[in-house]
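Residue numbers for the sequence shown follow the UniProt record's numbering, beginning at 1 and rising by one.
Rather than coming from a laboratory, the hints here were simulated on the basis of the structure.
As the structure is a prediction and not an experimental result, all values here were calculated from the model.
Heads up, the beta-carbon is just placed ideally off N, CA and C, and yes, glycines get one too.
There's no promise every hint is true.
Per label pair, the in silico range of CB-to-CB distance [what the hints assert, rightly or not]: (1) Tyr76 to Asp3: 10 to 20 Å; (2) Asp3 to Glu67: 35 to 45 Å; (3) Asn10 to Asn51: 14 to 24 Å; (4) Ile2 to Gln46: 15 to 25 Å; (5) Met1 to Glu67: 38 to 48 Å; (6) Phe57 to Val5: 15 to 25 Å; (7) Gln68 to Leu4: 15 to 25 Å; (8) Ser43 to Asp65: 13 to 23 Å; (9) Phe11 to Leu62: 20 to 30 Å; (10) Asp3 to Leu66: 35 to 45 Å.
Taking lysine-lysine pairs in the DSS-like style, the calculated list, with each CA pair at most 30 Å apart, reads [to be verified]: (11) Lys72 to Lys20; (12) Lys20 to Lys8; (13) Lys55 to Lys20; (14) Lys8 to Lys55; (15) Lys55 to Lys72.
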Amino acid sequence: MIDLVIEKANFTFGFVESLKTYSQTWLRMSEVFKNRGNVLTVSRLQEALQNNFVKHFVESNLDIDLEQLFRKMQVYGMSKKVHVLIALTSF
1 MIDLVIEKAN
11 FTFGFVESLK
21 TYSQTWLRMS
31 EVFKNRGNVL
41 TVSRLQEALQ
51 NNFVKHFVES
61 NLDIDLEQLF
71 RKMQVYGMSK
81 KVHVLIALTS
91 F
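Kindly generate the complete structure, drawing on both the sequences and the hints.
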């Protein structure tokens, strides 16, 4: 029984470490999001941040205000969508 608890705890610690690595990568890649204007990627990131575990982890360990981040991502996404629509209708 104790071995099972330890095994599950080790799995959880490994998962959290992976999540930390991915979160740090997302932060480093934010410049890419800004420059590339990949609306789909921003949308996927917004979806991932809706997960309660991810949301709590980011807020508690990375000191990021997710409400402010969501607002900025929405504004960014809308501005990119407008540029895409303008480009599509100019043909």
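Cross-check of the supplied hints:
no., hint, in the structure
1, Tyr76 to Asp3: 10 to 20 Å, "violated (48 Å)"
2, Asp3 to Glu67: 35 to 45 Å, "holds (42 Å)"
3, Asn10 to Asn51: 14 to 24 Å, "holds (22 Å)"
4, Ile2 to Gln46: 15 to 25 Å, "violated (40 Å)"
5, Met1 to Glu67: 38 to 48 Å, "holds (42 Å)"
6, Phe57 to Val5: 15 to 25 Å, "holds (22 Å)"
7, Gln68 to Leu4: 15 to 25 Å, "violated (41 Å)"
8, Ser43 to Asp65: 13 to 23 Å, "holds (20 Å)"
9, Phe11 to Leu62: 20 to 30 Å, "holds (22 Å)"
10, Asp3 to Leu66: 35 to 45 Å, "holds (37 Å)"
11, Lys72 to Lys20, "holds (22 Å)"
12, Lys20 to Lys8, "holds (18 Å)"
13, Lys55 to Lys20, "holds (12 Å)"
14, Lys8 to Lys55, "holds (22 Å)"
15, Lys55 to Lys72, "holds (16 Å)"
The structure fails to meet hints 1, 4, 7 from the earlier list, while all remaining hints are met.
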